[in-house]
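Engineer: All chains should be built: construct the whole structure from the sequences, respecting the hints.
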Amino acid sequence: MAVIVVVILWVIAVFNSLVVLKNRAKEALSDIDVQTKRRYDLVPNLVETVKGYATHESQIFEKVTLARAAAMGASGLKDKAEAENMLSSTLKSLFAVAENYPNLRASDNFLELQRELTDTEDKIQAARRFYNTNVRDLNIKIESFPDNMIANTFGFKQMELFQTASEAERQPVSVKF
Amino acid sequence: MDDLEKIIGSDVTSVWSGFVDSLKKKTSKAILPAILFFVLAVMLTILTRIPHFIFFYVIILFTLIIILWNTAVKDFLKHFASHMDYKYNPSGDMSSVEGHIFQYGSNPEIEKIVSGEFFGKDTRLFIFETTVGSGKHKHEEFYSVLEITFDALLPEIILNNKKSVFGFGFTLASLDNERKLVLEGDFYKYFNLYVAKEYELEAMQIFTPEVMQIFIDKAGKISAEMYKNKVYLYFPGIITKKEQMVTIYGLAKEIILQLSHVFFRIKDDVEDMSKYAKLT
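These protein sequence lines map, in sequence, to chains R and D. If you use this note's numbering, the first sequence closes out at 177, no skipped numbers anywhere. If you use this note's numbering, the second sequence closes out at 280, no skipped numbers anywhere.
It is worth saying that the hints were derived from the structure and are not from the lab. Since this is a predicted model, take the numbers as computed values, not measurements. Among the clues, some could well be false.
Here are the simulated distance ranges between beta carbons [said to hold, decoys possible]:
hint, chain 1, residue 1, chain 2, residue 2, range
1, R, 30, D, 209, 21 to 29 Å
2, D, 228, R, 140, 32 to 40 Å
3, D, 188, R, 103, 43 to 51 Å
4, D, 210, R, 140, 24 to 32 Å
5, D, 67, R, 9, 56 to 64 Å
6, R, 160, D, 13, 50 to 58 Å
7, R, 140, D, 268, 33 to 41 Å
8, D, 228, R, 3, 45 to 53 Å
9, D, 209, R, 56, 36 to 44 Å
10, R, 41, D, 98, 35 to 43 Å
All C-beta atoms in this analysis are idealised placements derived from N, C-alpha and C, irrespective of residue type, glycine included.
Structural biologist: Written as structure tokens, this is what we have:
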């Protein structure tokens, strides 16, 4: 009888810990969504600001707009990561273009947007790492014996890790003055 | 680290060398009275057949050594303070320190305080002394603490170095629903990172792979804590060598240079969450 009670308590403990880990991973994923949403909101303002000074750079504006739309429309972590990295890359090109316009570089509005965007990029990076640490903990628990028996019985599935960008891509957007 | 060695100065060497110098000076004057006192103690022991006189002699000798060592520590820190153009205070007020480790043990005291500006930030280096254990296990513990004051409210974080034994098992109870974060790579082999609930994202912004590497390379036995607007670096024991001084100030320099802008950037989020936590 005592053995059965111990086993039941163990099952409850493992189940609850799996639920906690899964919820933490989901929360961390929503943190990424919050920050990427903030970035999507900033991009049109940035494009409009740069357009005011660099009227002949329509190609780069189009690229940024398309990359933003692709990132917003992407589903699944892998596609989302790729689209986000593409958006980061085009934003870097936009900032590189901005370097050619001294009046733009001196604009308060542009500087504020740049600061906010850098801040958001860092937060996205932190949120992705936080998500990955949570998912790693969950996946280890799901794979490890004997916890995997409970995980399989109750249908807990491993979650996908967010593929972080390469070292070069991880550098925040910035402009050299 | 070379430039830091220059800042700290080649003449600031170690407590031990100061102790030996002091012993040499004192011994030349005190050798005759010490021998006479020892002969007297031996004679009294033989005549009275009471061994306590020798015992008292040993106690007095031991006490003198402790006084000399304590003076050497004080001189070492005063010398360092003078070289850095810092202030030295023999004792300080416990209410001026707020980290969780200061709740550790009983009869806590801070003393031998060296304060001054370092890379644009106010710092204080001091010895924290506390009594732990009970009965025959009761003993005193000493920590050298470097306190760095920033202009921003920081998330509550404790970084416990696995190379040193601290009373953090006790003090962690006072962190609000702390969570152990296991970061990427080998970091977990060197440190346990505890973060107050809801500050995990800020912790990830602070402990980037670059900062993690700095701690792995440069912390030695040092643990760290962030509390309110201060970063505390805890060195187990009393700093007695120039190399230890270079290590703790070297780490402080990296923290100031690498993290000041991060602290500034996240301060609004931390302040908002702190207000929210008080409301709930």
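Engineer: Could you check the hint for me, namely that residue 210 of chain D and residue 140 of chain R are 24 to 32 Å apart, CB to CB?
Structural biologist: Between residue 210 of chain D and residue 140 of chain R, where Cβ atoms are some 26 Å apart, the hint holds.
Engineer: Go ahead and decide if the range 33 to 41 Å is satisfied by the Cβ distance of residue 140 of chain R to residue 268 of chain D.
Structural biologist: holds (35 Å)
Engineer: Could one say that the CB atoms of residue 30 of chain R and residue 209 of chain D fall in the range 21 to 29 Å?
Structural biologist: About 24 Å separates the Cβ atoms of residue 30 of chain R and residue 209 of chain D, which means 21 to 29 Å holds.
Engineer: A range of 35 to 43 Å was offered for this pair. Does it hold for the Cβ distance of residue 41 of chain R and residue 98 of chain D?
Structural biologist: This hint holds: roughly 38 Å between Cβ atoms.
Engineer: Note whether the CB distance of residue 209 of chain D and residue 56 of chain R lies within 36 to 44 Å or breaks it.
Structural biologist: holds (39 Å)
Engineer: Against the range 56 to 64 Å, how does the distance between the Cβ atoms of residue 67 of chain D and residue 9 of chain R compare: consistent or not?
Structural biologist: holds (59 Å)
Engineer: Looking only at beta-carbon atoms, does the pair residue 160 of chain R, residue 13 of chain D fall within the given range of 50 to 58 Å?
Structural biologist: holds (56 Å)
Engineer: Kindly confirm whether 43 to 51 Å is satisfied by the beta carbon distance between residue 188 of chain D and residue 103 of chain R.
Structural biologist: At 50 Å between Cβs, range holds.
Engineer: State, for the Cβ atoms of residue 228 of chain D and residue 140 of chain R, whether the hinted interval 32 to 40 Å holds or is violated.
Structural biologist: holds (35 Å)
Engineer: Is it true that the C-beta distance of residue 228 of chain D to residue 3 of chain R lies inside 45 to 53 Å, as the hint says?
Structural biologist: With a Cβ separation near 50 Å, residue 228 of chain D and residue 3 of chain R satisfy 45 to 53 Å, so the hint holds.
Hint check: no violations occur; every hint is consistent with the structure.
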